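Student: Protein chains in written order, with this note's numbering: chain A, 1 to 645; chain B, 646 to 753; chain C, 754 to 876; chain D, 877 to 1255; chain E, 1256 to 1433.
No wet-lab data here; the hints were simulated from the structure.
Hints should not be assumed to be uniformly reliable.
Derived CB-CB ranges, DEER-like [to be verified]:
1) E:1406 x A:638: 32 to 40 Å
2) D:1223 x B:739: 39 to 47 Å
3) C:865 x A:452: 52 to 60 Å
4) B:739 x D:1195: 37 to 45 Å
5) C:787 x E:1259: 48 to 56 Å
6) A:591 x E:1400: 41 to 49 Å
7) B:739 x A:591: 51 to 59 Å
8) D:1223 x A:19: 34 to 42 Å
Nothing here was measured: the structure is a model prediction, and the numbers come from that model.
A virtual CB, placed ideally from N, CA and C, is assigned to each residue, including glycine.
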Amino acid sequence: MSHQMLIAILLLSPLVGFILNGVRFRSSNYLLAGSIATGAVAVSFACAIALFMQLVGLPPEQRRLTVSFFEWISVGSFKVNAGFVVDQISAIMILIITGVGSLIHLFSIGYMHHDKGVTKYFAYLNFFLFNMLILVLGDSLLTMFVGWEGVGLCSYLLIGFWFNDSAKAAAGMKAFITNRIGDAAFIIGMFILFMTFGTLNMHELNGLAPTIMESSWLGAVTLGTLMLFIGATGKSAQIPLYVWLPDAMAGPTPVSALIHAATMVTAGVYMIVRLNPLFVVAPNTMMVIAIVGAATAVLAATIGLTQTDIKKVLAYSTVSQLGYMFLAVGVGAFGAGMFHLMTHAFFKALMFLGSGSVIHAMHEEQDIRKMGGLKKYLPITHFTFVLGWLAIIGMPPFAGFFSKDEILWFAYSSPRGHILLWIAGAIGATLTAFYMTRLMALTFWGSSRVDKSVHPHESPLVMTIPLMVLGLLSVIGGWVGIPHVISEFVGHIPNFWEHWLEPLITKLPEASQVAHSATEEWALMGVSVSLASISALAAFIMYTKKAGAADKVANAFGPVYKLVDNKYYVDEAYFGVIINPLVSASRDLWHYVDVNVIDKATYKITDLVRGGGSFVRSLQNGNMQQYAMYVVLGVVIALSYMLVG
Amino acid sequence: MPSTSFLTDISINHYLILSAILFSIGMAGVLLRRNIIVLFMSIELMLNAVNISFVTFSHYFDKVDGQVMVFFVMTIAAAEAAVGLALAVSIFKRFKEVNIRFFEHLKG
Amino acid sequence: MPLGGVIFITVFIAIFGYILIRLARLTGGQAKKTSQAKFDIYECGIPVQEKKDTKISVKFYLTAILFILFDIEIIFMYPWAVNFRNFIASGAGLFVFTSMFIFLAIFIFGLWWEIKSKALEWD
Amino acid sequence: MTSMGSTSFEITINLIKLVLVFLMMVQAVPILVWLERRGSAFIQNRFGPNRVGPLGLLQLLADAVKFLTKEDFAPEKGNRFMFYAAPVFALIPAAIAYMAVPMSVPLKLDGHTFLIQGFEINVGIVFILGISSLAAYTILMAGWGSGSKFSLMGAMRASAQIISYELALGLSIVGVILLYGTFNLTEMVNMQQGPLTFSMFGYTVTSSYLPNWGIFYQPVGMILFFAATFAESNRLPFDLAEGEAELVAGFHTEYGGFKMLMFFIGEYGHMMIASGLMTTFFFGGYGIPGISFQEMHQIGLNLLGTETLASIFNTVVHFLSYNLKFAIFLWIFIHVRWTLPRFRYDQLMDLGWKTMLPWALANTMLTAVVIFAASYFTI
Amino acid sequence: MTADVFIFWFLAILTIVSALSVVLMTNPIYSALSLAMTMVSVAAIFVTLQAYFLAGVQLIVYAGAVMVLFVMVLMLFDLKNELQAFSRGKFTGAIKVGAVGILAGLIVGAVGSFIMAGKSGAPVTPEASTSADATKALSEHLFFNHVFGFEALGVLLLVIAVGTVALSRSKGGTHAKH
């Protein structure tokens, strides 16, 4: 099949699934709905594999399959096609999206089977995938933006899926509004780029990217990329717009796995990697990205230390890991960012699904203080969760180790890196190891604190198979990008990842001033792994062996603990500094300006219009033929004018 | 003005004038008749006049789009007649009235 | 198209029919009014029963409307059908095939709905 | 008017030909009436038409005398103009539509070519459908012009029936059009010559003894088409328009004498169109199985010597072939009339809308799929 | 005068006369039958313009379907001659007639001015194309350039089919008869 056909099927298959499920959204036949949705995504996955194969078959510099279905907008010089492109970056993305997506769909059949709105759920899920694929494949920023908004909408719909609970509905709205702020910046960024380059096609933009560094803060590229980055912070939950993601855990757990861990939230990183030639020439933007990423990684990790909701812990961990990805792209390690994006998609989806399995087993209980000792009830879930845990804390040879280590190494060694960024990353890694171990300990190990009325049970096969597949991927997923130092050590295993992405990644123009030796890399690797191991061990002891040790530590830190436990009062600060003043200012405007000035003026205009209207009304007497006569008279006058004039 | 050539050389203008006359007759029907069904018929007449123009242009400029347009116009005219007559029948069944002026009473 | 021939034969048949009717009147003669009943319309042996407005079922016009709509859909198939092989030969077969089948799906849905909603029931 | 001939001689011949075809159609009616009566007499053991003269032929004469001596009558309540215009109008669509059916190979005389066909029209099918759809007016005019409620109801029923079956008719033809890829009837006939040849997936299968007739490709379409034409011509078992028990005689309740005869001509005209189209679409038209037009011409040349005579021979033989097939279908029309009972009106409408229309749709889709698949996937 | 010219004038006069009788006949059934006549002659005019397929469609759709519907509905209503076929009001009536007259005059004048200006001195004579080619071109345009319109019309027809059935079922509005 031609690649045009494959791309069309890839895109349309989830849409067809959405329509099929959407028209019968009242049905509660979970098996049918789930089969349709899963089948649709599986078809997409097959197409994605076929496309990937075609891409592999091409010589590296020609690996770019494009298709343009129709001309979407054509206004003057502004032309946008409904064009889609599969190249090295987007091929990986569609593989992740459809592959992980189909596993999560499969999982959902088991997870959602008792829900009344199951058909609606699957319809949303398919629609999300459709939009995500548009986002990923779109060949221009505008096409991407369509998907960008579409996934935002689906995210809103799915977070507020149980909208009868007002807290969950509010979480959906919070996500939506927070995203809007970012989207506004994204649009402004598009304007700036279009004004500068006259196109929104990403391939052309990359080609047009200037070769000279832009050192000014007010340069067009810097401003445009900065704006795009602000858009990315909204979608990818970075400081300052990360607040929606923890709340987004109100949605069904598979949704958290698919949207809020594996795919949608990584859109920001993807966008930056896509446009890397532009970002490279704006070092200031890169610096901002790196700092924001590092700060987010640490900040979210600290908040994760104190959370007690199993999904909130994972949510902050996601924010933190996304911070790592931004750190990576901020220091120019785009490949490493993408690499971590992929491994993170595996192990975080795995952990979310695992937590879903736990929640399912615990009958909707999410508080880890009421768990413990689940290991013997949920053997498969526990085993796969352990794989995810090892991957996220960066234990070699699990997937997370390679990607995280590569990021840390680049944070240190890259010309745009800095030792401080490395330190922040290492602290983040240490904290990650700690809170993830804490999560494991409180949930699976130690003594059981499970309520007597709850009888945990292992989930059905339809839920555990995705866990096992993702578990396997969490182990081997990192082996495609083994760093040079290790590969030289164990025998020459090529770094597939780097080779694959090479044609699309722009090299940083600054030559590295300091030559970094392999010893340095080994040392840094050893430091970060051992820090993580130590902190994991500490957490293990603290939460399983020595009961009460955790409280002692908390008391010792007192006010700091309280600050972290309340998530640094960020939500409250946003309310106090932005939202409340905005509301009261609006109220004042309404009371004084609106009532006295605007309303009065409009009333006057209304009176005028009403007076005119009562005159015109006499013409509109309901006599259709009279109306027709006016039309004819109008035509006569217009025609006479044209003939005479 | 009507020279012999006007009578013997049939050109695009003849068809257009014919179309214009038909259109005007239909327009007069719409403006003057009071039976709602005759009004519909007059509208059909106007549409036919337009169709003649379309086909004429299509023929003389060798573009098929005009004919496709006529195809569409016919479809839409038929659809319009169907709905219009269904409405007229509904109203006739209830009020025994087809006068266009009566329909004024139906306004909100 | 032999338009002249069509017009010619139409006029010819009209004249032919007119002459035939005239001829029949000549041979048979104009009907003589021997009684009023002879010139009344047919009724089964009783005085003519006729109400002010003859009730005719609305079904007839509904059938006619539905006929128009489906007829147009069928007419749309004609240019498609006559050119289908050419489309295939020129490589556009799949596109035209698909677009017509979408159209047919709409058609079938309409027909199915009409049957389901009992719009076509005569009692 | 160029296509009516290039010289005044050709034009004159062609116009005369039109009149001849029309008169032939009119003349066929007495024969058909006789056939119908004799047939019914044999089928249903009726005696009348068997007794009058040799073979009952004098019955025709008796009918003619009766038609001619009838008083000319119009009901007072009706609309005189409509009442008289309707029967005249009944002749026109039937006659004109029939003239588009090709009846034999063209006659070649001294460099002139004469079609044995009223007029050759490239969009033949569309033309015939369009013209014969005008027949509904005749019925409505007659029904309304009579001023009788029986007539009006009969007219309503008849026209509703005609238009309902026009859908199935039109749709069953789509399969035929898909098959031949043309609207032109002569081209269709030419495509049906030679042995049966299926071409699928790049393979070609030729049958040695079956002709290449449309019926082998469109059996369902043939049945649907034939059934729909029965309803179109208001013949039993679809003659609900004149269900005696309910409507006396339908839209021609008030008619008699010559005016009645004209309706008959119209009805038989529709029968003839149907038979002609059946022959043309599905049974090879005027072609003779096993012998091509050229071969027949060659036989004529061997027998008679000159080109002109051979051409005449060729034309006549194929004309007879056409008429043989044509007569078989006419006889089926008559046979069915005297063997099948009448439908109830709701059954009639159900058959049209709920049975034949879906089947015709399925036939169309199947034909399209097969044609598409056969030429798209070549093995 | 060649046959083609004669046919054009014959058809033009037939069309205009039957169109006029649509508007002027007081009995709506006569109007409807005149309109059917107009449709048939318009179909013939299409033939003179070599739009053969469209002529057939015009016959099938307009003359054979739409106008049958009109006639059926009128017979269903069984309206006798209307007491007052035309709208009341001498003043507006005069305006309407005047407006239509001026419109007709303007259009004819506009076209005529082209004749006077001699812009049609060399009448555009398209290449004679066989009708098979014309239908082929028509279908190609219909299914390539206008395929969206084609599908949209399918949906439109569906909507109307559903709508008319719903309308015919309705027992009347919510308001009482005054």
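Student: So, for every hint listed, does it hold in this structure?
Tutor: Hint by hint, here is what the structure shows:
no.: 1; hint: E:1406 x A:638: 32 to 40 Å; in the structure: 34 Å, holds
no.: 2; hint: D:1223 x B:739: 39 to 47 Å; in the structure: 32 Å, violated
no.: 3; hint: C:865 x A:452: 52 to 60 Å; in the structure: 56 Å, holds
no.: 4; hint: B:739 x D:1195: 37 to 45 Å; in the structure: 60 Å, violated
no.: 5; hint: C:787 x E:1259: 48 to 56 Å; in the structure: 55 Å, holds
no.: 6; hint: A:591 x E:1400: 41 to 49 Å; in the structure: 58 Å, violated
no.: 7; hint: B:739 x A:591: 51 to 59 Å; in the structure: 53 Å, holds
no.: 8; hint: D:1223 x A:19: 34 to 42 Å; in the structure: 38 Å, holds
Figure legend: structure checked against the earlier numbered hints; hints not met, in rising order: 2, 4, 6.
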